[in-house]
Amino acid sequence: MMMSATVAAGLPAYLLLLDGLIERDSRNPVLLLSAAKLYGTYAGGFVADAGRVKRLSDRSFAYAKRGICARDESFCRQFDDPDFDRFNTFVGEHVGRDDVDAAYVLASSWIGWLRADTADYSRIADLPRIETLLNRVNALSPAQDHGGALAYLGVLDCLRPESLGGQPKRGQQRLQAADAVDAGKNLLPKVLNAEYCARLLFDQDAHDRMLAEVLAADANVPGLTLSNTIAKRRAAELVESGKDYF
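Quick note: the sequence shown, position 147, residue 147 per my numbering, numbers continuous.
Note that these hints are calculated values from the structure, not bench results.
C-beta atoms are modelled at their ideal positions from N, C-alpha and C, and glycine is treated no differently.
Check each hint, because a few of them may be wrong.
Said to hold, decoys possible - Under the rule of at most 25 Å between Cα atoms (straight-line distance), these lysine to aspartate or glutamate pairs were calculated in the DMTMM-like manner: (1) Lys-243 <-> Asp-203; (2) Lys-243 <-> Asp-182; (3) Lys-54 <-> Glu-23; (4) Lys-37 <-> Asp-98; (5) Lys-54 <-> Asp-85; (6) Lys-37 <-> Glu-162; (7) Lys-169 <-> Asp-218; (8) Lys-169 <-> Glu-93; (9) Lys-37 <-> Glu-73; (10) Lys-37 <-> Asp-208; (11) Lys-169 <-> Asp-205; (12) Lys-65 <-> Asp-101; (13) Lys-65 <-> Asp-80; (14) Lys-169 <-> Asp-244; (15) Lys-54 <-> Glu-237; (16) Lys-65 <-> Asp-19; (17) Lys-65 <-> Glu-93; (18) Lys-243 <-> Asp-205; (19) Lys-169 <-> Asp-126; (20) Lys-185 <-> Asp-126; (21) Lys-185 <-> Asp-218; (22) Lys-185 <-> Asp-120; (23) Lys-37 <-> Glu-23; (24) Lys-54 <-> Asp-98; (25) Lys-65 <-> Asp-99; (26) Lys-185 <-> Glu-213; (27) Lys-185 <-> Asp-244; (28) Lys-65 <-> Glu-162; (29) Lys-54 <-> Glu-93; (30) Lys-185 <-> Glu-162; (31) Lys-65 <-> Asp-120.
Unchecked claim - Restraint-style ranges between C-beta atoms, simulated for each label pair: (32) Arg-52 <-> Ile-124: 47 to 53 Å; (33) Phe-246 <-> Leu-164: 20 to 26 Å; (34) Asp-205 <-> Glu-162: 28 to 34 Å; (35) Gly-223 <-> Glu-73: 41 to 47 Å; (36) Arg-160 <-> Phe-246: 17 to 23 Å; (37) Glu-93 <-> Arg-27: 23 to 29 Å; (38) Ala-180 <-> Asp-244: 19 to 25 Å; (39) Ala-48 <-> Thr-89: 39 to 45 Å; (40) Glu-213 <-> Arg-27: 41 to 47 Å.
All chains should be built: construct the whole structure from the sequences, respecting the hints.
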């Protein structure tokens, strides 16, 4: 886990550097979206304190929206439109292959913002918009971020029990499909499946099996080493907390 510790120690300085660059070039979409992605990664992978996760996730989402607005004013206007049908139509008609990277950063920052405070029902109300973006990204580029859109969709399906509108069985299927994008080399989908779906369904056998597979796997895969290192660390935490959960 040395790489994870090294990155965790170095990221705050890089985040401050990005903040400084954005102060000097406040409408640069590349800088804004890069900052959104990095703040989201730091909040989701390296910070344990819930209050700090919320603050970092808020900043990630704020940067993502600013990046979208700097890049595309017509997309920017959608944030203030309360009509979901118009948002859904806009994304389907307006977001194309050239927009996939930006749309994915927005969606992933948005879901991080939501997950940081699930007790806030105003955040939960944004779920349909996040799903619309993720579905569009997945339709245009299923391999985006190693199946990341599909994995996020699976997590959203498992945020609520079926009795409250969740679809945990579909969530499991989506996370299994995300796992297959890189033939199991991306360890994050298994961890998410265990944490969100297996726990929601109280399936200890699946939970423990997936986490054991992650802990036994090699994290060193080109393009996935950092993500896998974070996944293995999270898997170890889930193994411990699972002793009290089940």
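Consistency of the hints with the structure:
1. Lys-243 <-> Asp-203: Distance of about 13 Å is within 25 Å: holds.
2. Lys-243 <-> Asp-182: 30 Å, violated
3. Lys-54 <-> Glu-23: Holds, because 22 Å separates the two Cα atoms, which is no more than 25 Å.
4. Lys-37 <-> Asp-98: 18 Å, holds
5. Lys-54 <-> Asp-85: 29 Å, violated
6. Lys-37 <-> Glu-162: Roughly 31 Å separates the two Cα atoms, so the pair is violated.
7. Lys-169 <-> Asp-218: Outside the cut-off at roughly 28 Å; violated.
8. Lys-169 <-> Glu-93: Not satisfied, since the Cα-Cα distance of roughly 30 Å exceeds 25 Å.
9. Lys-37 <-> Glu-73: 20 Å, holds
10. Lys-37 <-> Asp-208: 30 Å, violated
11. Lys-169 <-> Asp-205: Holds - the C-alpha atoms of Asp-205 and Lys-169 are around 16 Å apart, at most 25 Å.
12. Lys-65 <-> Asp-101: 14 Å, holds
13. Lys-65 <-> Asp-80: This hinted pair holds, its Cα atoms lying about 11 Å apart.
14. Lys-169 <-> Asp-244: 24 Å, holds
15. Lys-54 <-> Glu-237: 20 Å, holds
16. Lys-65 <-> Asp-19: With a Cα-Cα distance of about 15 Å, the restraint between Lys-65 and Asp-19 holds, given a limit of 25 Å.
17. Lys-65 <-> Glu-93: 19 Å, holds
18. Lys-243 <-> Asp-205: Between Lys-243 and Asp-205 the Cα gap is close to 12 Å, so the pair holds against 25 Å.
19. Lys-169 <-> Asp-126: Holds: Lys-169 and Asp-126 sit about 22 Å apart, inside 25 Å.
20. Lys-185 <-> Asp-126: 31 Å, violated
21. Lys-185 <-> Asp-218: Holds: Lys-185 and Asp-218 sit about 8 Å apart, inside 25 Å.
22. Lys-185 <-> Asp-120: 35 Å, violated
23. Lys-37 <-> Glu-23: Satisfied, since the Cα-Cα distance of roughly 17 Å is no more than 25 Å.
24. Lys-54 <-> Asp-98: The hint is violated at about 30 Å.
25. Lys-65 <-> Asp-99: Between Lys-65 and Asp-99 the Cα gap is close to 14 Å, so the pair holds against 25 Å.
26. Lys-185 <-> Glu-213: 11 Å, holds
27. Lys-185 <-> Asp-244: Cα-Cα ~29 Å, so violated.
28. Lys-65 <-> Glu-162: At roughly 31 Å apart (the allowed maximum being 25 Å), Glu-162 and Lys-65 break the hint.
29. Lys-54 <-> Glu-93: Not OK: Lys-54 and Glu-93 at ~32 Å, beyond 25 Å, violated.
30. Lys-185 <-> Glu-162: 30 Å, violated
31. Lys-65 <-> Asp-120: Measuring from Cα to Cα gives roughly 19 Å; hence the hint holds.
32. Arg-52 <-> Ile-124: 47 to 53 Å: Between Arg-52 and Ile-124, where Cβ atoms are some 21 Å apart, the hint is violated.
33. Phe-246 <-> Leu-164: 20 to 26 Å: The hint (20 to 26 Å, Cβ to Cβ) holds, given that Phe-246 and Leu-164 are roughly 21 Å apart.
34. Asp-205 <-> Glu-162: 28 to 34 Å: 20 Å, violated
35. Gly-223 <-> Glu-73: 41 to 47 Å: 33 Å, violated
36. Arg-160 <-> Phe-246: 17 to 23 Å: For Arg-160 and Phe-246 the Cβ distance comes to about 20 Å; the hint holds.
37. Glu-93 <-> Arg-27: 23 to 29 Å: Between Glu-93 and Arg-27, where Cβ atoms are some 25 Å apart, the hint holds.
38. Ala-180 <-> Asp-244: 19 to 25 Å: 32 Å, violated
39. Ala-48 <-> Thr-89: 39 to 45 Å: Distance hint for Ala-48, Thr-89 holds at roughly 40 Å.
40. Glu-213 <-> Arg-27: 41 to 47 Å: Holds, since Glu-213 and Arg-27 (Cβ atoms, about 45 Å apart) stay within the stated range.
Checked against the numbered hints above, the structure violates hints 2, 5, 6, 7, 8, 10, 20, 22, 24, 27, 28, 29, 30, 32, 34, 35, 38; every other hint is satisfied.
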